[in-house]
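Please model the entire structure based on the sequences and the hints provided.
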Amino acid sequence: MEEYNIEKASVGDFIGIRGTVKIENGEYIAIGRNHWVSQGLQTIGSYLISGTNITAYNAQYGGSYITVGQVMDTATQQWNIYLGSDTSTTTTVSMTSLVSPIGSSPGTAPNTNSFSGTYSATSSTPVVLTFNATWNAGTVSGTLGEVGLYLYISTYNLGGSGYFLGLASRLSAADGSFTAFTINTAAALTVTWTVNLVYA
Amino acid sequence: MHNHKVVNMVTEIDNEIVGKDISDTLSLVGIVIIENGENKVIGKNHWVGQGLETIGGFLVGGAGNGAASTIYIGSNTTTATTVSMTALVSPIGTAPGTAPNSFSSNYSTNIDSTVPGTATYSATWNTGTVSGTLGEVGLYVEGYSGLSGSTYATNPALASRLSVADGSFTAFTINTTAVLTVTWIVSFVYT
Chain C
835 MEEYNIEKAS VGDFIGIRGT VKIENGEYIA IGRNHWVSQG LQTIGSYLIS GTNITAYNAQ
895 YGGSYITVGQ VMDTATQQWN IYLGSDTSTT TTVSMTSLVS PIGSSPGTAP NTNSFSGTYS
955 ATSSTPVVLT FNATWNAGTV SGTLGEVGLY LYISTYNLGG SGYFLGLASR LSAADGSFTA
1015 FTINTAAALT VTWTVNLVYA
Chain E
511 MHNHKVVNMV TEIDNEIVGK DISDTLSLVG IVIIENGENK VIGKNHWVGQ GLETIGGFLV
571 GGAGNGAAST IYIGSNTTTA TTVSMTALVS PIGTAPGTAP NSFSSNYSTN IDSTVPGTAT
631 YSATWNTGTV SGTLGEVGLY VEGYSGLSGS TYATNPALAS RLSVADGSFT AFTINTTAVL
691 TVTWIVSFVY T
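If you're matching them up, the sequences are chains C and E in order.
Every position in the first sequence, counted from 1, becomes a number in this note's numbering once 834 is added.
Every position in the second sequence, counted from 1, becomes a number in this note's numbering once 510 is added.
Hints in this document: simulated from the structure, not taken from any laboratory.
Among the hints, erroneous ones may be present.
Pair ranges (Cβ atoms, derived) [what the hints assert, rightly or not]:
id, chain 1, residue 1, chain 2, residue 2, range
1, C, 928, E, 596, 31 to 41 Å
2, C, 1014, E, 596, 38 to 48 Å
3, E, 604, C, 938, 26 to 36 Å
4, C, 1014, E, 603, 14 to 24 Å
For glycine and all other residues, C-beta sits at the position ideal for the given N, C-alpha and C.
Shown next as structure tokens:
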């Protein structure tokens, strides 16, 4: 994916993660910007594909209700991609699902999905996460106007009530990100979603 | 350098500390390819608030199954941060460093603001527990190794560093008659 232009185009198509540090020691106070290092990107990238916080879950419920194997081994539990037909609603940061999913909400699941990740500390794109989803010919139909990347949203660290598969990012015709089209039901539909963590 | 007191730190971050150096801000960008017969689409995605929320929760809580995130301090004043660093250069105390006597973290969210998510880490070393020159500080985050999402790092790993060598602050000799407090704020921004 490195060959594609990833310059910032509009608000919301990049997330910036910025760190600031305050040090206090007696009368001394210092404030400065941190510098991220590659394994910071690596662990955030790995989290994006698994989306769990087992320690927090077990702490809340006082036991080992979730084990590593239960949560980690089924790719479809950790992320998914859904399709929608909306062509008029621009993305807002408050969105929690596609506007008009194709199929019952959250949408018709792909027939197959797969994930791959690459990591190179000194690359200009040190972490590249690639999510692939394929719908077989004839399994989805209508206008394709929006696509959603759903990740496992964990709110236990934030006082929330649980884990759920939720919209993390959206590609939509209404944002001008692509031109809506009528799905060719005689052909498979494939979505390849690449997330790059870059130093900025 | 920003060696002065602040009243509202988050506001000051926004107003005064805008990312200018390589690696002081992480950017997360998504590109989508859609293929369906003769139809082929390439576009950039838009992140939404709960996408930031779950990453924020991870930042303060870690991935699970390991030790908690923490902060260590070091004395190095000459080595600039590189992206390949995996530890502080000269930790104070036995590597990875003397653990703070108290540590806390939390995440706050206001998805409609210009700073929609903020993770705040606070570490305190009691009077006399650390000494020497303070030249570097490291944020260690519990997490994974590799990108499988299934292999945990044994210990919290250095995710980010504040150092004198980068020009981020001025080194000083720790006053051992006073507590030492580090407050580390990680802010999400839509850019």
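(request) Run the structure past the numbered hints and jot down the numbers of the failing ones, going up. (result) Per hint list: 3 and 4 violated.
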